[in-house]
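Q: Here is what each chain is made of, one letter per residue.
There are 2 protein chains.
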Amino acid sequence: MTAEMFPKEKTIDLRKKHIGPSCKVFFSHDPIKIVRAKGQYMYDENGVRYLDCINNVAHVGHSHPMVVKAGAEQMELLNTNSRFLHDNLVQYAQRLQATLPEKLSVCYFVNSGAYHGHVSSLINISPYKFHQLANAEQSKSVHVALSPDLYRGNYRQDHPDPATAYADDVNNLIQKAHEKGHKVAAFIAESLQSCGGQVIPPAGYFQKVAQHVHRAGGLFIADEVQVGFGRVGTHFWAFQLQGEDFVPDIVTMGKPIGNGHPMSCVVTTREVAEAFKNSGMEYFNTFGGNPVSCAIGLAVLDVIEKEDLQGNALRVGGYLTRLLEQQKEKHPLVGDVRGRGLFVGAELVRDRVKLTPATAEAQDIIYKLKEQHILLSADGPHRNVLKFKPPMCFSEEDADMVVEKIDQILTDIEKALGLQMPSTVHTENGSRKRNVQPEENGCHHSNGISHSHDTSQQHASQQNKRLRS
Amino acid sequence: MTAEMFPKEKTIDLRKKHIGPSCKVFFSHDPIKIVRAKGQYMYDENGVRYLDCINNVAHVGHSHPMVVKAGAEQMELLNTNSRFLHDNLVQYAQRLQATLPEKLSVCYFVNSGAYHGHVSSLINISPYKFHQLANAEQSKSVHVALSPDLYRGNYRQDHPDPATAYADDVNNLIQKAHEKGHKVAAFIAESLQSCGGQVIPPAGYFQKVAQHVHRAGGLFIADEVQVGFGRVGTHFWAFQLQGEDFVPDIVTMGKPIGNGHPMSCVVTTREVAEAFKNSGMEYFNTFGGNPVSCAIGLAVLDVIEKEDLQGNALRVGGYLTRLLEQQKEKHPLVGDVRGRGLFVGAELVRDRVKLTPATAEAQDIIYKLKEQHILLSADGPHRNVLKFKPPMCFSEEDADMVVEKIDQILTDIEKALGLQMPSTVHTENGSRKRNVQPEENGCHHSNGISHSHDTSQQHASQQNKRLRS
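In order, the protein sequences belong to chains A and B.
For what it's worth, the numbering used here labels the leading residue of the first sequence as 20, then goes sequentially.
For what it's worth, the numbering used here labels the leading residue of the second sequence as 20, then goes sequentially.
Hints were generated in silico from the structure; no laboratory data involved.
Treat the hints with caution; some may be incorrect.
Remember, identical chains collapse to one label, so a pair may be satisfied in a single copy or spanning two.
Lysine-lysine pairs mimicking DSBU-like chemistry, simulated, CA-CA at most 30 Å apart [unchecked claim]: (1) Lys-296 - Lys-35; (2) Lys-88 - Lys-57; (3) Lys-29 - Lys-57; (4) Lys-52 - Lys-122; (5) Lys-52 - Lys-389; (6) Lys-43 - Lys-122; (7) Lys-325 - Lys-195; (8) Lys-199 - Lys-159; (9) Lys-296 - Lys-52; (10) Lys-43 - Lys-27.
Using the sequences and the hints given, assemble the complete structure.
A: This is the structure in structure tokens:
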């Protein structure tokens with residue numbers, strides 16, 4: 020099979036003809052045709068190299084030879100379903116279990132993950148999705164908790180105990196459900212919110228939520244589909260950032276698990292597994308846990324270890340975060356930088372007091388980076404958070420390159436908008452237009468550091484809360 | 020990776036420890052460990068060869084070298100999501116479209132198929148699944164139509180127009196839903212029922228159902244996950260058996276599509292695709308339509324053509340069906356033989372008048388065949404239908420082998436039970452016990468041939484109807 024069969028225009032035409040119009044391409048006005056990829060780089064039909072800052076699915080790097088070899092060799096030998104015994108299945112389950120708290124010992128192998136985009140029952144629990152529906156209606160059995168967002172949420176860096184405050188919100192939802200005579204099945208959250216805007220919940224939040232949920236007879240489900248497998252650097256799983264004392268009842272994993280091969284897994288406790296069994300429903304998945312998927316999954320784990328990709332995520336992620344924090348010092352548009360390992364977000368705002376989302380500017384940056392052959396995306400409820408989740412082999416040179424380009428683009432945008440840093444306002448030529456108010460001085464949010472707030476910020480926070488409710 | 024890492028007992032122990040207890044193995048008291056497979060044969064850890072009559076997923080044969088090569092080569096080059104343009108995606112869509120009526124032109128690539136086992140919304144529409152639940156409750160928005168089963172259903176071979184009668188049942192459901200103020204979204208059916216007992220609906224049934232459903236504003240969904248891709252021999256898709264004039268609104272395809280690689284597809288009309296788009300919901304699937312899956316899908320189509328597997332299904336399936344029909348002439352336990360291509364069922368009954376399902380006998384056959392290294396399964400609501408859906412490279416020699424073994428096992432079982440063919444009853448030694456009644460003479464059902472029925476059969480049919488309601 021050759022890498023390209025059709026001229027790009029023909030590919031686009033055929034796509035319009037035969038692929039569902041609900042299936043979007045990146046950069047729809049001039050989509051990219053990628054014909055090969057290696058590590059953190061993708062190549063288009065003309066051999067132009069793109070730096071990939073977005074494909075977390077290609078976890079250990081695109082087309083990793085060890086993963087390809089493991090998959091190809093197993094395909095030659097056998098690919099069948101899990102109703103036959105196979106050692107790859109049990110070995111892989113054993114290896115996954117070894118990365119988790121002991122209690123999480125029972126695996127269900129799947130091929131699609133807990134991806135929220137496809138079926139009504141999962142769309143129901145995903146505000147990110149159900150808000151897209153023209154006639155969106157929140158399911159009566161779903162209660163959406165506040166995003167534990169310390170930058171833009173109801174309780175922020177300046178709050179004395181945001182973990183408790185956000186957990187109390189969950190408890191309130193539980194109480195309201197109880198008042199209506201409903202029981203609580205489960206609380207589900209990404210261990211770090213990705214599409215929700217690269218949100219890092221305060222440590223201790225999950226423990227407190229779990230207490231409330233368990234007391235109500237429910238389970239705690241940690242969704243590690245986007246953030247697991249060493250990405251956060253210090254730990255293998257993002258829920259472990261909450262503290263050693265936190266163990267979810269169910270962990271969902273997907274995307275990076277197979278480096279692009281369609282596979283995923285749900286791990287739970289013996290207790291939950293037995294309860295599921297007692298429902299009487301057999302669980303069978305035609306593809307889940309087949310020998311090829313497991314061989315690939317094992318190879319991914321091997322590469323993470325062998326190449327110390329978790330360590331690389333810690334080092335390069337830290338480096339990238341520091342570079343972006345320097346951008347925050349320099350560029351008024353960068354309102355917040357937050358990250359753990361190679362899961363990093365930079366939230367753009369037009370105004371550091373009102374936190375007005377710089378949505379158009381974020382899109383502009385994404386498009387301009389694309390023209391310079393860097394793939395980045397913007398996400399979050401306001402689509403104003405630059406979202407870094409590159410393959411785990413991302414290097415400091417890559418970080419330098421992307422931040423250097425962002426620096427230049429931000430400079431250009433801010434120049435066009437007349438935005439300046441508050442601290443430098445008095446030294447600049449007064450002829451430039453500015454929207455920022457004097458009150459914003461001293462209000463630079465920085466991740467993980469609590470600081471006092473002034474009246475205007477409190478006002479903005481309250482406004483924001485009303486808008487969200 | 021070696022084919023075996025652990026002794027079988029260790030594999031079983033690890034499986035018990037780490038794999039969900041709802042995940043069953045075949046032959047749970049002595050499961051099979053398969054370490055490699057080729058064509059229609061699987062091999063255990065001791066090199067023992069099993070003839071595979073059940074793995075329809077390995078459609079073009081286990082570990083087919085052309086499919087493996089296509090997958091491995093594309094994995095080396097690129098595996099990424101469908102938000103980038105790629106020629107494999109559009110070429111594959113084009114190739115699939117070419118097998119379908121022109122109207123069915125828009126594809127959604129998925130990685131899991133319309134498999135009914137996993138999510139509540141699909142379990143709801145699958146009586147096969149929701150009846151497994153301890154506290155089974157049929158969703159109020161789901162209406163289960165009669166199985167268009169000409170052997171055991173409400174309207175049989177002797178009915179003057181079973182297609183109309185079964186379609187009228189669907190229309191009655193629609194009317195009842197309307198009376199309750201409900202609208203009708205869709206009718207979904209496997210084009211041939213597989214887990215439902217290898218049921219072949221009478222030709223013209225789908226057209227009539229589609230008329231009723233369309234008039235009510237609903238869509239007709241043909242589920243080809245188990246029965247598509249040339250398996251029925253005369254046609255590429257099983258719904259085409261209904262006649263040239265029938266075109267579903269949506270076709271779901273899975274399992275055989277990737278010969279074991281996790282992939283599937285939904286194809287629909289431009290009209291339906293535009294309506295879905297207008298819901299406002301983007302459709303994205305992390306894995307669906309990736310270049311590796313599409314390369315594999317293309318290779319599967321190539322092999323079907325190059326090796327004329329559809330033709331083989333027609334020839335060998337016909338041969339197998341004839342062999343089984345000979346078994347029906349010989350063995351009272353074989354109540355019905357029905358099939359299209361390499362989709363064949365043999366329904367076992369203890370009594371050809373009452374149609375008492377020979378469930379235990381079917382299980383016995385499956386277990387005895389397994390001891391003789393042949394993999395077959397029994398399915399249907401009574402688990403009494405021997406279900407043939409082998410890889411499409413199945414040969415006449417394979418058919419001879421399996422039917423020869425079945426013949427011997429049936430002979431042994433019937434001897435033990437004292438069952439004899441009605442026509443030979445007067446020539447046999449009268450000392451054998453028999454359950455069959457003299458009235459059954461002349462009541463042998465044969466697939467596709469209408470015949471008169473006597474009073475006792477009518478009575479049995481009515482009984483059966485009451486039992487089902």
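Q: It remains to establish, for every hint, whether it holds in the given structure.
A: To see whether the hints hold, each was checked on the structure:
1. In the homo-oligomer, the alpha carbons of Lys-296 and Lys-35 lie at most 30 Å apart only across protomers (13 Å), although the nearest pairing inside one protomer, at 45 Å, exceeds that limit.
2. Taking the shortest Cα distances, Lys-88 and Lys-57 sit within 30 Å of each other both inside one copy (14 Å) and across copies (19 Å).
3. In this assembly of identical chains, Lys-29 and Lys-57 lie within 30 Å of each other by CA distance solely inside one copy; the values are 26 Å within and 38 Å between copies.
4. In this assembly of identical chains, the alpha carbons of Lys-52 and Lys-122 lie at most 30 Å apart only when taken from different copies (28 Å versus 45 Å within one copy).
5. Taking the shortest alpha-carbon separations for Lys-52 and Lys-389, only the intra-copy value of 12 Å comes in at or below 30 Å, while the best inter-copy value is 50 Å.
6. For a Cα distance limit of 30 Å, the shortest separation of Lys-43 from Lys-122 across copies, 22 Å, qualifies, whereas the shortest one inside one copy, 40 Å, does not.
7. Neither within a single protomer nor between protomers do Lys-325 and Lys-195 lie at most 30 Å apart by alpha-carbon distance, with minima of 49 Å and 63 Å respectively.
8. Taking CA atoms no more than 30 Å apart as the test, Lys-199 paired with Lys-159 passes in both settings, with 11 Å inside one copy and 22 Å between copies.
9. For a Cα distance limit of 30 Å, the shortest separation of Lys-296 from Lys-52 across copies, 23 Å, qualifies, whereas the shortest one inside one copy, 46 Å, does not.
10. Proximity of Lys-43 to Lys-27 under the C-alpha cut-off of 30 Å is restricted to the intra-copy arrangement: shortest distance 16 Å within a copy versus 47 Å between copies.
The earlier numbered hint that this structure contradicts is number 7, and it is the only one.
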